[in-house]
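Chains as they are written, first to last, in my numbering: chain A, 1 to 146; chain B, 1 to 389; chain C, 1 to 368.
For the record, the hints were derived by calculation from the structure and aren't laboratory data.
It cannot be assumed that every hint is accurate.
[As the list claims (entries may be wrong)] Straight-line alpha carbon distances no greater than 30 Å define the calculated DSS-like cross-link-like pairs of lysine-lysine that follow:
no., chain 1, residue 1, chain 2, residue 2
1, A, Lys142, C, Lys281
2, B, Lys377, A, Lys103
3, C, Lys93, C, Lys138
4, C, Lys264, A, Lys3
5, A, Lys3, C, Lys271
6, A, Lys136, C, Lys138
7, A, Lys34, A, Lys142
8, A, Lys19, A, Lys3
9, B, Lys323, B, Lys278
10, B, Lys94, B, Lys154
11, B, Lys375, C, Lys50
12, C, Lys50, A, Lys86
13, A, Lys48, C, Lys85
14, C, Lys341, B, Lys377
15, A, Lys3, C, Lys85
16, C, Lys85, A, Lys84
17, C, Lys233, C, Lys138
18, C, Lys50, A, Lys127
19, C, Lys85, B, Lys375
20, C, Lys341, B, Lys375
21, A, Lys44, A, Lys34
22, A, Lys34, A, Lys136
23, C, Lys93, C, Lys341
24, C, Lys85, A, Lys86
25, A, Lys44, C, Lys233
26, A, Lys103, C, Lys138
27, A, Lys103, C, Lys341
28, B, Lys154, A, Lys127
29, A, Lys86, A, Lys142
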Amino acid sequence: MTKSLNLNTVVQNLPDTLKQEVNTENGSLYVNSKYIFEICRELKNNNKFQFNYLKSISAVDYVEFFEVVYHLDSLITNTSLVLKSKLYGRDGNSINSVISVWKGADLQEREIWDLMGIFFEGHPNMKRILLWEGFKGHPLRKDFLK
Amino acid sequence: MISFNTLNLFLVDLLSFLPDKLVFTISGLIMSVAICTFLIGLGSVYTWFERRVIARFQNRSGPNRWGPFGILQPIADAVKLLIKEDIIPATADKMVFIAAPIIFLCTTLLVYAFLPLGIDSQLGNINVALLFVLGITSVNALSVFMAGWASRNKYATLGAIRAVAMLISYEVPMAISLMGIVMVSQSLSLVGIVNAQSNIPFIILQPLGAITFMIAAIAEMSRAPFDMIESESELIGGYITEYAGMKFAVFQLSEFLAPIFTASLFTVLFLGGSNPLKFLEFLPIPGILWFASKSFVITAILLWFRSTWPRLRIDQIMGFAWKVLMPAAILNTLLVGLELVFIRDNYILQIIINMLIFVVFIYLIANILGQKRLKLKEPVPSELANMDA
Amino acid sequence: MSLNSELVTINFGPQHPSMHGVFRLRVTLDGETIVDLEPVFGYLHRGTEKLAEERTYVQIVTLTDRLDYVASMSNNLAYVSAVEKLCNIEVPKRASYIRVIVAELQRIASHLMATGFLLNDLGAFGTPLMYCFREREKILDLFEILCGARITLSYMRPGGIFQDTPQEFWDDLELFLESMPNQIDELESLITGNEIVLSRTRDVGILTPEQVIDASLSGPMLRASSVKWDLRKANPYEIYDEIDFDVPIGATGDTFDRYLIRIKEMRESLKIITQCINLIKPGPVRNEDVPLIIRAPEGEAYVGIEGPKGELGFYLVSDGGISPYRCKIRAPSFINLTLLKEMTAGGKIGDLIVNFGSIDIVLGEVDR
Chain A
1 MTKSLNLNTV VQNLPDTLKQ EVNTENGSLY VNSKYIFEIC RELKNNNKFQ FNYLKSISAV
61 DYVEFFEVVY HLDSLITNTS LVLKSKLYGR DGNSINSVIS VWKGADLQER EIWDLMGIFF
121 EGHPNMKRIL LWEGFKGHPL RKDFLK
Chain B
1 MISFNTLNLF LVDLLSFLPD KLVFTISGLI MSVAICTFLI GLGSVYTWFE RRVIARFQNR
61 SGPNRWGPFG ILQPIADAVK LLIKEDIIPA TADKMVFIAA PIIFLCTTLL VYAFLPLGID
121 SQLGNINVAL LFVLGITSVN ALSVFMAGWA SRNKYATLGA IRAVAMLISY EVPMAISLMG
181 IVMVSQSLSL VGIVNAQSNI PFIILQPLGA ITFMIAAIAE MSRAPFDMIE SESELIGGYI
241 TEYAGMKFAV FQLSEFLAPI FTASLFTVLF LGGSNPLKFL EFLPIPGILW FASKSFVITA
301 ILLWFRSTWP RLRIDQIMGF AWKVLMPAAI LNTLLVGLEL VFIRDNYILQ IIINMLIFVV
361 FIYLIANILG QKRLKLKEPV PSELANMDA
Chain C
1 MSLNSELVTI NFGPQHPSMH GVFRLRVTLD GETIVDLEPV FGYLHRGTEK LAEERTYVQI
61 VTLTDRLDYV ASMSNNLAYV SAVEKLCNIE VPKRASYIRV IVAELQRIAS HLMATGFLLN
121 DLGAFGTPLM YCFREREKIL DLFEILCGAR ITLSYMRPGG IFQDTPQEFW DDLELFLESM
181 PNQIDELESL ITGNEIVLSR TRDVGILTPE QVIDASLSGP MLRASSVKWD LRKANPYEIY
241 DEIDFDVPIG ATGDTFDRYL IRIKEMRESL KIITQCINLI KPGPVRNEDV PLIIRAPEGE
301 AYVGIEGPKG ELGFYLVSDG GISPYRCKIR APSFINLTLL KEMTAGGKIG DLIVNFGSID
361 IVLGEVDR
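So here's chain A without its partners, still in its complex pose:
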C-alpha cells in the first residue's frame, strides 16, 4: 500500500535553507513558488525521500490565485507526497520548470501552459500543445464564468 509521507517529517528532513520556504496547511505541503525547483531536486536526490517518479502535475484556478499541484511517488519506498505551490495574479504567472529533475514533466508542463496559462521557466520547448498557436486565452481558466 502506498503510504503518504508525514508532512512534518518531510519539513524536518529538508535542509535549513529550504525549511522556511515550505509550510503545511490543510494537510498539504505548500512550497514557495520561487523555490519549487530546488525543493523538487532535494526531494528526488535526498536519500530520505527518493521521490524518483513524478505522477502528475496539475494546475487549479482558484480565481484569486493559481495552484500548481505535484503528485510525487517514490517507487523505491512506495510513498507518495503532494506538493502545492500558489501563484498570485492573473497574468504573466510563471514558475520554474522541473523538467531537469523529472523528464516526465515535459508534456504535462506544456499542457498546463496551454490550458491554464502558467509559464514554466527553463522548459526547453514551452509552446502550446493541444491548441494551436494563436489561440486566444487559456481555456481551463475560470475566465469564462457567466
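Once you have looked at the hints, place chains B and C on chain A.
Structure of chains B and C alone, referenced to chain A:
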C-alpha cells in the same frame, strides 16, 4: 493436341490470300492481343482469388456479394476505378506521371512473350529468352522510380528510392542463381530449359538455386516480407500514393500479375514447365494444364507468405540480399560447375550432394544470422522500484 | 566526388495508416535514418476537462468513456474511484468484484488491440490483427450483455455499478475463459517465435529503467524495462489485495519486451478473473445511499489505477457544488509519449512505426 503453334498455323492458313509479311504480322498481333487479354482477365480473377484466400487466412469472408462467391467483384472494382476522377497532382511531372503505369504494365506483359506455357506454346522462341526476361523485369525499377519521382510527394519519393535500392540489389542474386540451370541445360532459351528438365526438374537438382531465385523474385515483385516499397504502414502507398482512378488500377493490375508471372517463371525454370510429373506421366493431361497447376501451387505459396509474415526493415532487406542470397547463389553456381566437370552423368550423387549442402547452408545461415540463437534474457527486477515496501 | 544531400522533413499524420488515429509526427530524415522528430498533438482535443466542470458527477462517467475508447471500463473505474474517495462512498463487495472482472476483461481487450496493431505496423497485412479482433469481439459481446453498449459503456456509477449481471453473462464468461488461453497460445505461435518479428523488434527502441522512471512512463512501458511496478499490487484498490497474480516484467526494455509483457499480462488477467468468479458472492451491487446528484464535500482527491495503458489518474477538486471545480486527467498514453524521440532517433523509418506502435496510444486519451 492444340498448341499455340497450331493455332498460329491455322491463322496463317486463314489469311493466306494476303502477302506473306502481312500474314505474319496480323497473326502475330492476334496472338499477342489474345494473350494480353487473357492475362489481364486472369489478373482480375486473381485479385478476387487473392482477396478470398487472404480473407480465409484472416477469419473473414472476403468479397462475396457480386456473383457466385463474389467472383464478379473485380468487374465492380474496375468499373468503380474507371469512373473515378482522374487526379494528377498540380506539381507532378505530367508526362512521366502518366507514362509510369503504362511502362509498368507493358514490361509485366512483355515477359510472357517468350514464356513457354505448354508444349510448343509460346509466342516466340529466341535463344536468349532468359536474358530478355531478366532484362525486362529490371525495367520495373525504372517505372517505379518514374512514378515516385514524378509524383513530387515525399512518401512517393521515399518509396521510389527504396525501390531502386532494393530492386537493383535483388537482381544480382536472382541472375546468378540462374547460372546453374543455364550451365546444366546449355541453353538460354526458355524452351531449351524446359526440355532439359524432362527427367529431373531443377528444383530437385539445384535446391539452393531454386530457393535463392524464389526469394529474390518475391523481393523483385516487392511482396511481403519484402514489401517495403509500398509498405502501407510506413509510406502509406509508396510510389502509388498519388495515383487514383485508372492509373492506380493499372498499377494494381500489374502488381497482381506479378505473382502469376513469378509463378510461371519459377515453373518454367525449376519445376519443369509443361512437363508432367514423372510418376503421373500416364495421365492424359495436356502440358498447359500441368503448367497451370504447377504455377497455381506456387501462387498459393506466395499468398501464404503474404498473409502471415510481417515486413523486414530496409537495412535487413539489403543485408539479406548481399550477405545471404549472394553467397547462396555463388555457392550454387560453384557446386554445379564442379559437378558438371567431375560427375556429369551421375544425377543421383548430384542430388544427394546438393540437397546436403542446401540443408547445411540453411542451417548455418539460421544459426549465424537468425534471432533464435539469441536467448531471451532472464528479467531482473530493477532496484528502482519496490512494490512491497 | 561528393554528393550533395539534405535533410527531408516529412509529416507522418494526422492522416496516416499507422498513426493510430490523428496523431502527427514531424520527422526529419536523413535518407532512411531519423534525425529528429517532434510530436504534434491536439487533433482530437475535445476539452474533456473543461466539459467535466459543467456536468454533474454522474454525467461525467459518459465523458470518461470517450477518453481511451478501447478501454472504457478502466476509465469508468478510475473516475468513479476518484469520486468515491472524494465523497467517502462505500462500495458493496459484489460491485468491487464485478468491477475487477470487467476491468480485467477490458485490459485483455485493450492488449489484444495493442498487439494486433503493433503487428499491423510491422506489416503483417492484418492477419494477427484479425485474430486479435476475433477475441476482442467476444469481450465486447460480454459487455453488451452487461450494459447494452460495446464501446462507450458507462457501466460504473459512483457507489457501485449500473446494474447486477444477468446469468447469461456468467455462462458466456465461462466459455470465454475456457477458450482464451488457447487463443493466446495460437496468437503467440504466430508471433512470438517469428524470425521476422524478432529481428524487427529485438533491441529496437531500448529504454533503461532509469529513463522510464524519470520520464514518468507507466504500465507495460514501465514493466517492459524491468521496473516491477504495478498499482494493483503497489497500491491495491478494489479487491486486488485478495487476489494472487504475478507482475510480469521484461528483461531489456525493447519493443519485443513491450509486446511480450502484454501477452503475459493477458494471461495474468485471466487468472484474476477466474479467482474473482470463485470469490464473488450475491449481494447488492450499488450503494443505495448515493444520490443521483452528488454534492461532494469541499476538498480534493487523486486516484490512480492501473489501466491497460498505464497509470490512469483522476484528480478531482470540489468546491461543494454538484460538479467538480477541476477535473484533471492523468492520461497514460499522453505521458508515455515523452520518450518517443529517445526511442527512435537514429533508427530507420520502420523502427519509428514499430516503436510508436509498441507504446500503444489511443488518441482520445492523448488529446482529451
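Review point. When you check the alpha-carbon spacing of C:Lys85 and B:Lys375, does it fall within 30 Å?
Key: violated (46 Å)
Point to revise | Hint consistency between A:Lys142 and C:Lys281 [alpha-carbon to alpha-carbon, up to 30 Å] | key: violated (46 Å)
Exercise for review: Quickly compare the C-alpha distance for C:Lys264 and A:Lys3 to 30 Å and report which way the hint goes.
Suggested key: holds (29 Å)
Point to revise | Pairwise hint evaluation, C:Lys233 against A:Lys44, where the allowed Cα distance is 30 Å at most | key: holds (23 Å)
Point to revise | Proposed proximity, C:Lys85 with A:Lys3 (alpha carbon, max 30 Å) | key: Cα-Cα ~15 Å, so holds.
Point to revise | Pair hint C:Lys233 and C:Lys138, alpha-carbon separation not exceeding 30 Å | key: With a Cα-Cα distance of about 28 Å, the restraint between C:Lys233 and C:Lys138 holds, given a limit of 30 Å.
Check your understanding: Does A:Lys34 pair with A:Lys142 here, judged by a C-alpha cut-off of 30 Å?
Key -> holds (24 Å)
Point to revise | Satisfaction of hint between B:Lys154 and B:Lys94, Cα-Cα up to 30 Å | key: Given that 30 Å is the threshold and the Cα spacing comes to 17 Å, the pair holds.
Check your understanding: Straight-line Cα separation of A:Lys103 and C:Lys341 no greater than 30 Å?
Key -> holds (12 Å)
Check your understanding: Does the alpha-carbon distance linking C:Lys85 and A:Lys84 stay inside the 30 Å limit?
Key -> holds (20 Å)
Review point. CA of A:Lys44 to CA of A:Lys34, is that 30 Å or under?
Key: holds (18 Å)
Review point. Keeping to a limit of 30 Å between CA atoms, is the pair of C:Lys85 and A:Lys86 held or broken?
Key: holds (24 Å)
Of the numbered hints stated above, those contradicted by the structure are hints 1, 6, 9, 11, 19, 23, 26, listed in ascending order.
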